[in-house]
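*Asks:* Protein chains in written order, with the numbering used here: chain A, 176 to 456; chain B, 186 to 444.
Calculated from the structure, these hints are not laboratory results.
Errors might be hidden in some of the hints.
[What the hints assert, rightly or not] Dumping the calculated SDA-like pairs for lysine to any residue here, alpha-carbon to alpha-carbon at most 20 Å:
#, chain 1, residue 1, chain 2, residue 2
1, A, 247, B, 200
2, A, 247, B, 271
3, B, 324, A, 433
4, B, 324, A, 296
5, B, 196, B, 404
6, B, 271, B, 376
7, B, 324, A, 448
8, A, 433, A, 419
9, A, 240, B, 307
10, A, 247, B, 436
11, B, 436, B, 368
12, B, 324, B, 204
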Amino acid sequence: MASPTHPIEQTQPAVVRSTDTLLRFEDVSISFEHPVLDKISFQLARGETKVLLGEAGTGKTLILKLALGLLKPDAGRITVLGEEISAMREQEMYPLRRQIGMVFQESALFDSLTVEENVAYRLIEETGQITDEIHARVLEVLEFVELAQTWALFPSELSGGMRRRVAIARAIITQPEVLLYDSPTGGLDPVTSNTIIELIVKQRDVYHTGSLLVTHRLQDAFTMASHYFDRAQNKMVPLEDGSRRNVHTTFLILRDHKIIFEGTAPELLRCHDPYIREYLS
Amino acid sequence: MAILSLNDIAKDKVESVQAYSVLAGRSLSNLFAQPRYLADTLLQADSIGVGSLPIVVLIGFFTGAVLALQTASTLQQFGSLSLTGKLVALSMVRELGPVLTGILVAGRNSSGMASELGSMKVTEQIDAMRAMGVDPTKKLVTPRVTATVTMMFFLSIISDLVGLTGGFVISYLLLGLDPNQYWTTAYQALRFGDVFMGLAKPVFFGFIIASIGCYYGMTARGGTEGVGRATTQAVVSASVLIVVSDFFITKLLMAFFQY
Chain A
176 MASPTHPIEQ TQPAVVRSTD TLLRFEDVSI SFEHPVLDKI SFQLARGETK VLLGEAGTGK
236 TLILKLALGL LKPDAGRITV LGEEISAMRE QEMYPLRRQI GMVFQESALF DSLTVEENVA
296 YRLIEETGQI TDEIHARVLE VLEFVELAQT WALFPSELSG GMRRRVAIAR AIITQPEVLL
356 YDSPTGGLDP VTSNTIIELI VKQRDVYHTG SLLVTHRLQD AFTMASHYFD RAQNKMVPLE
416 DGSRRNVHTT FLILRDHKII FEGTAPELLR CHDPYIREYL S
Chain B
186 MAILSLNDIA KDKVESVQAY SVLAGRSLSN LFAQPRYLAD TLLQADSIGV GSLPIVVLIG
246 FFTGAVLALQ TASTLQQFGS LSLTGKLVAL SMVRELGPVL TGILVAGRNS SGMASELGSM
306 KVTEQIDAMR AMGVDPTKKL VTPRVTATVT MMFFLSIISD LVGLTGGFVI SYLLLGLDPN
366 QYWTTAYQAL RFGDVFMGLA KPVFFGFIIA SIGCYYGMTA RGGTEGVGRA TTQAVVSASV
426 LIVVSDFFIT KLLMAFFQY
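Just chain A, with the same shape it has in the complex:
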């Protein structure tokens, strides 16, 4: 991965305070025509990345939408950044959502706006226009995702992988406390997928942003658990054998409306559950 010329200034704390809880699900249930999630509970600590795995239709994307308050649970409590959102009205949630970044499965870029307007969307909401300061900030985050040259283009002029990277740039421009990634590598070729995963690892290790990541690709999940971002080399590198470096990445597997596994990569590999063995094979 090429080196960005102007890395974004680090504003997040360098030390991860793992005791701080960013997100907490307590006995959350939701059903549509049939139950999708049934009394699931988990929490996300500051600086932690939780990878959500499971078959299609098990409610992984639903968890992200519940965490953002885009959907309401039928039962249970969801607490985001210390505020219980399950009882909040839509209007009350807008200020809270500004502290959360979301990367949608199909990018969900505004097709009538340029890349710059898309990335700066939140900032333009505050100022009403693109100021020199905002333009500089947009170029910084676009350099972070290595797409600085595309700022004047429209989303339709970009490839699928580039659109995902612009979506990541849009999500991180305000340096949110929580990032939610919905299948960020879905439908992409392995090389582009690796580029996206490297960006997510970079965000995790450089800014220590807590994140929930939904993926169908096991190799992406294990890459995240077995690599870290080396700032000196400015690239993602594998953990050395016997390394005690904590990459703050845990896995969560959903099946039949429930969480059937929650733990680290080594714990997952040691798991003897027949379904999980089959899922991993």
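Model the placement of chain B on the given structure of chain A, informed by the hints.
*Replies:* Below, chain B without anything else, positioned relative to chain A:
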């Protein structure tokens, strides 16, 4: 496709009316809350007002012209050809100007709003907006409602004026009516109640056009096919509601002005 019971259909309809009412109410209450998105409102006003102007002028002119042509033959039987101006003025200002403009703007803009917002909905752009802490009803719905209501008011006035001109052209060129007589009878025929009726209706119609278009767009489901369905439903519902509400507004205002 599952067959729905009457109970489910009724519930579905009630829920739709409830969702529409909430959206329509919020589009109005947003006027009193920041941010107000003035630039978006002006952009929509340009698209709806200036964009609809050519068809409104064209249809208004020929409606006035054909009105003069049709009524003249009847009036001539009673020797009252001189009243052509009065008839065209009353018909255009009280009914045809607002209603025809409403139906034209509904056909052009209700569909446009439903397809634009519907495309945003099915590609998760509306969810992305909510996820970024931006209220889509404030950003997308209120500017469209404000712009349509304002532009419908002015478009109806233009339609009335152009319709009267169309009637005049026919009266002068084909019927040989004196221009002074045409304009004097047209002017004298209009009372305050007529003008008020002609100016109040477009405000209601503008609200119907924009709120219906936005509602069908914001609730579109099922990909491109769903967007197409939302577009059609928006035009049909807005047009029907304009005609039906026209009757009730007319009845109410006629009672108020003691016609």
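*Asks:* Each hint needs a verdict: does it hold in this structure or not?
*Replies:* Hints, verified against the model:
1. At most 20 Å may separate the alpha-carbon atoms for a hinted pair to count; residue 247/A and residue 200/B meet this at roughly 17 Å.
2. Only pairs whose Cα atoms come within 20 Å are accepted, and residue 247/A paired with residue 271/B is rejected, the gap being roughly 60 Å.
3. Annotation: proposed proximity of residue 324/B to residue 433/A is violated, straight-line Cα distance about 38 Å (limit 20 Å).
4. Distance restraint check for residue 324/B and residue 296/A: the Cα-Cα separation of roughly 12 Å lies within the 20 Å cut-off, and the hinted pair is therefore satisfied.
5. Distance check on the hinted pair: residue 196/B and residue 404/B sit about 16 Å apart at the alpha-carbon level, within 20 Å; holds.
6. Under the criterion of a C-alpha separation no larger than 20 Å, the hint pairing residue 271/B with residue 376/B is consistent with the structure, at around 11 Å.
7. This hinted pair does not check out: residue 324/B and residue 448/A have alpha carbons roughly 49 Å apart, beyond 20 Å.
8. Among the hinted pairs, residue 433/A with residue 419/A is inconsistent with the structure: their alpha-carbon atoms are about 31 Å apart, more than 20 Å.
9. Proposed proximity of residue 240/A and residue 307/B is supported: the alpha carbons are some 15 Å apart, at most 20 Å.
10. Pair hint residue 247/A plus residue 436/B does not hold up; C-alpha atoms about 44 Å apart against a cutoff of 20 Å.
11. A distance of roughly 28 Å separates the Cα atoms of residue 436/B and residue 368/B; the hinted pair therefore is violated under the 20 Å criterion.
12. The hinted pair formed by residue 324/B and residue 204/B meets the criterion: a straight-line CA distance of about 18 Å does not exceed 20 Å.
Comparing the model with each earlier hint shows violations of hints 2, 3, 7, 8, 10, 11; every other hint is respected.
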